[in-house]
Every structure is written in structure tokens, then in C-alpha cells.
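Enquirer: Make a model of the complete structure from these sequences and hints.
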Amino acid sequence: MASDMSLAGRRRVQLALLLTPVSLFFAVFFLGPLTIMIVTSFLAPGLYGGVEWVFYPHNYGRILGFADPAFEVFDPVYLSIFLRSLKIAAFTVIATLFVCYPAAFCIARLSERWKNFCLFLITLPFFTSLIVRLFIWVLILRQTGIVNEALLAGGIIDRPLELIYTDGAIVLGMVYIFIPFMFMPVYASVEKLDWTLVRASLDLGAGPIRTFVRIILPLTAPGIAGGAIIVFIPALGNFVVPAVLGGAKVMMLGNLIEQQFLSARNWPFGSALAMMVMSVMLVLLFIYVVASGRRGADVMN
Amino acid sequence: MRDSIVRLEGAAKTFPTPEGLSVTALDAIDLDVDRNEFLTLLGPSGCGKTTLLQAISGFVELDAGRILIDGEDMTTRPPYRRPVNTVFQNYALFPHMTVGENTGYALEVGGVAKSERMKQVAAALDMVGLTGLEGRRPRQLSGGQQQRVALARAIIARPKLLLLDEPLSALDKNLRQSMQIELKTLQSELGISFIFVTHDQQEALTMSDRVAVLSGGRIQQLDTPRNIYDRPNNSFVATFVGASNLFEGQLDNGWLLTSDGTAIRYVPSVGNVSGKARALIRPEQFFISREGRDHPFLDVEVEQLVFVGSSFELFGHTAEGRKVIAEIPAGRRSFVGEVEQTRKARLSYDPAAVHLIRCDADGI
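Residue numbers (my numbering), protein chains in the order written: chain E, 1 to 301; chain C, 1 to 364.
Hints are not guaranteed to be accurate.
[Said to hold, decoys possible] Pulled a few chain C residues facing chain E out of the computed Cβ check, cut under 7 Å:
{"#": "1", "residue": "57"}
{"#": "2", "residue": "76"}
{"#": "3", "residue": "79"}
{"#": "4", "residue": "86"}
{"#": "5", "residue": "92"}
{"#": "6", "residue": "105"}
{"#": "7", "residue": "106"}
{"#": "8", "residue": "109"}
{"#": "9", "residue": "110"}
[Unchecked claim] In silico SDA-like links for lysine to any residue, alpha-carbon gap of 25 Å or less:
{"#": "10", "chain 1": "C", "residue 1": "119", "chain 2": "E", "residue 2": "210"}
{"#": "11", "chain 1": "E", "residue 1": "249", "chain 2": "E", "residue 2": "118"}
{"#": "12", "chain 1": "E", "residue 1": "192", "chain 2": "C", "residue 2": "90"}
{"#": "13", "chain 1": "E", "residue 1": "192", "chain 2": "E", "residue 2": "118"}
Please keep in mind that the hints were generated in silico from the structure rather than gathered at the bench.
In this text, a Cβ means the ideal position worked out from N, Cα and C, and glycines have one as well.
Expert: The following block contains the structure:
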């Protein structure tokens with residue numbers, strides 16, 4: 001018994017040692033900056049950049065509706081950017097899921113060799129710079145781009161379409177970038193799916209649609225939820241795609257935050273915006289953890 | 001015409017192999033399963049038994065032939081429209097549903113109201129000895145309990161036919177034996193025909209009304225367990241079901257003479273007076289005698305004597321070097337002691353118990 005205890009104790013020490021580097025890293029490079037951001041978001045902006053050390057809740061007020069009465073009236077433009085960002089991120093999740101879910105089923109049924117080849121193809125875009133890949137979309141979508149030129153030459157349209165610098169262009173770019181992020185978790189759960197359960201459902205008289213709704217969808221839901229979160233979170237704060245494909249016309253939260261820090265030099269307001277993004281993510285993660293924790297508890301009991 | 005619940009007419013199926021060849025899983029099989037019958041498909045892996053089962057449940061499409069269930073042609077019907085349910089080898093319980101939801105799935109799909117469903121679920125679980133476990137998850141149950149849930153789930157909608165795909169293979173021996181008895185009892189209580197697939201010959205003999213021994217996509221013999229064991233059609237059935245001693249040779253009016261000079265007595269009857277044949281003597285048909293005057297016998301050198309509980313298994317060879325297996329009841333210890341000392345045994349047999357397999361039945 002005593003040796004068992006010491007074995008368990010040794011395991012704990014081992015575990016702690018193994019986790020030390022990653023814990024230190026996150027403490028220094030994640031918790032540190034996060035604390036600075038939280039503090040900054042409640043400070044007043046300095047006149048020429050920097051911060052003044054007074055408590056100032058109106059950074060959040062500018063977004064949510066209680067702006068500093070001394071300087072300005074409430075302008076809902078920030079709220080609408082916030083909502084648009086949520087909308088674009090949500091569309092991105094739905095569109096990537098729409099592409100990845102059926103593809104995952106196809107690839108999961110291939111032979112081992114073709115499976116690995118397809119997975120390699122999906123990771124292939126990571127070998128090229130993100131910016132380069134996005135600028136290719138500019139060449140494709142712009143007024144004198146491939147699509148418009150082809151449509152004009154074909155006589156289908158007589159004036160170039162406005163394809164670039166729209167919400168649609170941003171969603172397209174986002175989907176293009178985030179497909180691998182959605183694919184991997186969705187594929188992992190689809191590949192794990194036990195097809196004898198599908199057969200059992202058909203055998204018990206459930207048609208294909210009911211089998212999908214009652215068996216396939218619930219059993220692959222963890223992958224869908226995981227993929228949705230992994231895509232939604234970076235999509236919400238993304239500023240590269242809207243900067244390249246949204247131009248000056250369409251702004252997302254990420255651009256706004258970048259602008260506050262780099263151009264407007266209003267660090268407290270930028271921090272407040274970043275904290276808003278952060279809080280949305282925390283709520284989503286919380287829901288995910290609670291939901292998967294309950295599933296885990298079901299399994300354990 | 002025969003009143004069968006399932007009828008297969010010339011059912012054929014070949015599968016392509018990765019090497020570009022094709023494997024015949026079903027070679028024009030004709031089969032009738034009677035109402036309220038417990039039929040077992042027995043064979044080694046790759047003999048086509050699982051393919052045959054899947055053809056009946058609708059998961060394998062036949063290349064040729066027809067399947068009729070209760071007189072209706074089901075050849076092209078999808079699995080979810082066949083009045084057949086399956087107990088799968090690894091139970092295939094839905095992990096995200098409770099035991100109650102699993103059991104009631106066929107009723108839920110069939111549109112049975114919830115209150116009625118719950119009543120039937122309780123009754124079905126009662127029947128398999130799992131009363132009150134509706135709220136559990138499959139993973140909280142033992143293997144034997146999961147097996148019972150799978151069974152309850154498959155019988156709840158009262159299918160015309162229940163297919164069981166090696167359902168007991170994952171259970172330990174004691175549990176397997178008690179489940180065998182229970183399955184047999186359940187089958188006669190329900191009055192549903194069972195088709196049971198197994199590669200375990202003991203299981204097949206214990207439970208079945210009839211056994212179909214399959215090999216190479218063909219039914220080698222379809223008969224009662226006793227006839228399968230005592231009167232196998234051919235050497236494959238003889239060697240696959242139970243241990244056997246086969247002596248191949250020329251028949252000569254009551255004697256079978258092998259090429260190495262061993263002579264086996266048999267009781268001649270019409271049609272087996274001459275020609276080539278194999279004589280089958282089961283190990284337990286040998287008995288040890290000191291003199292052996294009343295019965296024909298074989299003298300063997302004993303290689304090994306293995307204690308298996310209820311009996312000893314004797315592995316030996318004749319003076320000609322032919323291997324012989326015999327079973328000696330453990331009660332006859334005095335003989336066993338003698339055999340162990342001398343390493344010799346005189347194995348007697350009753351000529352009436354010798355079963356002849358004509359060599360043309362083996363295609364030689």
C-alpha cells in the first residue's frame with residue numbers, strides 16, 4: 001500500500017515537471033499581457049497616445065451605449081461593427097462546415113493511402129504564406145480580375161461586378177483560410193464513427209434521413225462543435241482577411257482593434273474592444289466545456 | 001409448397017479482392033427456414049455465413065437469385081423495410097442513448113406513442129432479465145448485459161425473423177453457455193425463427209433445430225445436429241464438426257482396407273459393399289478393452305494422454321503410423337493408469353457406430 005502511494009506521488013511530481021515549461025510560458029506570455037490589457041481597458045486614453053492612470057469605464061461605454069458625456073454622444077457604429085463581425089464569423093463557420101462535413105465522409109471511406117494523401121492536400125496551403133494566398137483572391141475578384149474579365153468576354157455582363165470589398169468577399173476569404181481548421185476536428189469524429197451503429201439503425205427500421213438525424217449527427221456532434229469553435233474564435237478577431245479583401249469599405253473588429261492601437265493610438269479603447277472579443281470567446285468555450293463535460297460524465301457514470 | 005419463413009433461391013454473390021481476383025461468398029444457395037425454427041449457419045471464417053446473413057437482412061445485394069421472407073420477394077428491398085432484425089456481433093448499442101431508448105428504438109422509428117413504447121420496453125427488458133435498467137447508459141453495463149439489451153432491442157418490434165451474428169463470441173465461457181440455453185428458451189417463447197451464425201460447432205449443436213454447415217459459399221450439409229455429428233455427408237463436415245478419425249480405403253463387404261494395411265470393420269448395407277470410401281470413428285466411440293475379443297479393435301502406441309476434466313484425450317498412432325484420437329471417460333481410471341504405464345492401448349469399437357462417407361461425396 002505504501003509503495004502504491006509513493007508511486008502515485010511520483011506520478012504527480014512527474015506530471016508537474018512535465019507541465020512546468022508550458023505553464024511558465026503561458027504565465028509569462030499569456031497571463032502577463034492579458035493582465036496589462038484588462039488594466040489598460042479601464043484607463044483613460046492619453047492625449048497624445050499612452051494612458052492616464054485614472055479609472056475610466058467609458059471605453060466600454062463607447063461600444064455599449066454609455067459614452068463619456070464630456071467628449072461625445074453615443075455612436076452605434078462600433079456596436080454594428082461588433083455585430084457584423086459576429087455575423088461574418090458565424091457565416092464562416094456554417095460555410096466551412098457545409099464544405100467539410102460531406103468531404104470528411106468521403107475521405108473517411110477511402111483506403112489508408114488515399115486518406116493520407118487527401119489529408120496532406122488539406123494541409124498543403126499552410127506551406128504558402130497566408131498573405132500571398134489572400135492576394136491571389138484579389139487578382140481573381142477585382143474589377144479587372146479573372147472572373148469579371150471572363151464574364152465580360154463571354155458577354156454575360158456588360159459592366160464589371162463588385163465582387164471584392166464586400167461582406168461576401170470576406171466570408172469567401174475566411175472560408176478559404178479556415179477550411180483546414182474545420183476539417184480536422186470534423187474528420188476526426190467522422191472517421192471514428194462506428195458504421196455498425198448506422199447499420200443497426202437501418203436494421204431496426206430507421207430510414208436514411210432518420211438514421212442521419214438520430215445516429216450520425218449526434219455521434220459526430222463533438223467534432224462539429226470543436227470545429228465550430230476553432231473556426232469562430234479566430235474568424236471573429238481576424239484582421240488580415242478584411243484588410244485585404246474588405247479594403248476600406250468593410251471593417252471588422254480585428255481591423256478596428258488594429259487601428260486603435262497603431263493609427264488612433266487609443267490603447268484603452270483598443271483594449272476594451274479586444275476584451276469584448278475575448279468575453280464572447282470565453283462564453284462559447286464555457287458552453288463547450290460544460291456540454292462536453294456533461295457528455296463525459298454520462299460516459300463515466 | 002413448403003411453408004417457410006425465409007426462402008433463398010439460387011442466392012449468389014462474389015466479392016472482388018484487392019488483388020483483382022474475385023471470391024465466391026455465396027455459390028447459388030437454396031435454403032428454406034421453417035417457421036419457429038432455430039437454424040444455425042456454421043462454418044469457418046470466410047465460408048460465406050456472414051454474407052448469407054447480410055443478404056437476408058439487406059446489407060448485401062445479391063448478384064443473382066431471390067430472397068423471399070414470408071412469401072414476399074425482398075431481394076431488392078432496403079434493410080429498413082424488411083421485417084427482420086439483427087443482433088450484431090459487438091452489440092452495436094447506440095452509446096448516446098439510454099438502455100430504454102436503445103431498446104425502444106424500433107418502436108420510436110415505427111411511430112409508437114411514448115407511453116405504449118415505455119410499457120413495451122419494460123416488458124422486453126423484463127424478458128431478458130434487465131428489469132428497471134432503462135435509465136442506464138450502454139457503457140455502464142457489463143458485456144453480458146449489453147448483449148441482453150441488444151437482444152431486447154432486436155425482438156421488441158416482433159420481427160418475423162431474428163438474425164444473430166456470432167452474438168456470443170465476446171462472452172466468457174460460462175456466460176456463453178447460460179446465454180445459449182436462454183436464447184433457445186427465448187426463441188421457443190417468442191415463436192420467432194432465429195438464424196444464428198457461429199463458427200463454434202459446440203454452440204451450433206447445443207442450440208439448433210437444424211444446422212447448415214457452410215464452406216466455400218456452399219451448404220455442405222443441412223440437417224439436425226445429431227445427423228450432422230453422426231452422419232456427416234462428407235469429410236469437411238466430419239472434420240469441422242467435432243474431432244474425428246477418418247480412414248480412407250477400399251470397401252470389401254464389411255471391411256474397409258486402407259492402403260497402409262489398416263482394416264476397419266463396418267456393417268455392410270446396400271450401396272456400400274464395394275468402392276472407395278472413408279470410415280469415420282468419433283473419439284468417444286473407442287473404448288479401451290484388455291482382450292477385445294467381442295469387438296474389432298486398433299492397437300495404438302500412446303503419444304499423449306491429456307486430462308480435460310470429464311475425460312482423458314488419448315493421442316496415439318497405429319503400428320502403420322496412422323494418427324488416432326480417442327476419448328476415455330475419466331471414471332475409468334484403472335485403464336488410464338495401465339495405459340500410462342505401458343504407453344500402449346487397445347482401442348475397440350462397435351462396427352455399427354462406424355459411419356461411411358463415400359468418396360464421391362468428397363469429389364475424389
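Enquirer: For residue 249/E and residue 118/E, compute the direct alpha-carbon distance and say whether it is at most 25 Å.
Expert: Violated: residue 249/E and residue 118/E sit about 37 Å apart, past 25 Å.
Enquirer: Checking hints one by one. Is residue 57/C an interface residue toward chain E, by the C-beta closer than 7 Å rule?
Expert: holds, 6 Å
Enquirer: Given residue 109/C was flagged as interface, is its beta-carbon under 7 Å from a beta-carbon of chain E?
Expert: holds, 4 Å
Enquirer: Mind checking the CB of residue 92/C against every CB in chain E and telling me if the closest is under 7 Å?
Expert: At 4 Å from the nearest chain E Cβ, residue 92/C passes the 7 Å test, so the hint holds.
Enquirer: Hinted pair, alpha-carbon criterion (25 Å max): residue 119/C, residue 210/E. Please report holds or violated.
Expert: Measuring from Cα to Cα gives roughly 23 Å; hence the hint holds.
Enquirer: Would the hint on residue 86/C be counted as holding, given a Cβ-Cβ threshold of 7 Å to chain E?
Expert: OK, holds: residue 86/C within 7 Å of chain E, min 5 Å.
Enquirer: Answer holds if the nearest beta-carbon of chain E is closer than 7 Å to that of residue 76/C; otherwise answer violated.
Expert: At about 15 Å, which exceeds the 7 Å cut-off, the nearest Cβ of chain E leaves the hint on residue 76/C violated.
Enquirer: Going by Cβ atoms only, is residue 79/C closer than 7 Å to chain E?
Expert: Hint on residue 79/C: holds, closest Cβ of chain E at ~5 Å, below 7 Å.
Enquirer: Holds or violated: are the alpha carbons of residue 192/E and residue 118/E at most 25 Å from each other?
Expert: holds, 17 Å
Enquirer: Does the closest beta carbon of chain E sit nearer than 7 Å to the beta carbon of residue 105/C?
Expert: Hint holds; residue 105/C Cβ to chain E Cβ min 5 Å, cut 7 Å.
Enquirer: Per the CB criterion, is residue 106/C less than 7 Å away from chain E?
Expert: Because about 4 Å separates residue 106/C from the closest Cβ in chain E, which is inside the 7 Å limit, the hint holds.
Enquirer: Does the alpha-carbon distance linking residue 192/E and residue 90/C stay inside the 25 Å limit?
Expert: Satisfied, since the Cα-Cα distance of roughly 16 Å is no more than 25 Å.
When held up to the earlier numbered hints, the structure conflicts with 2, 11 and fits the remainder.
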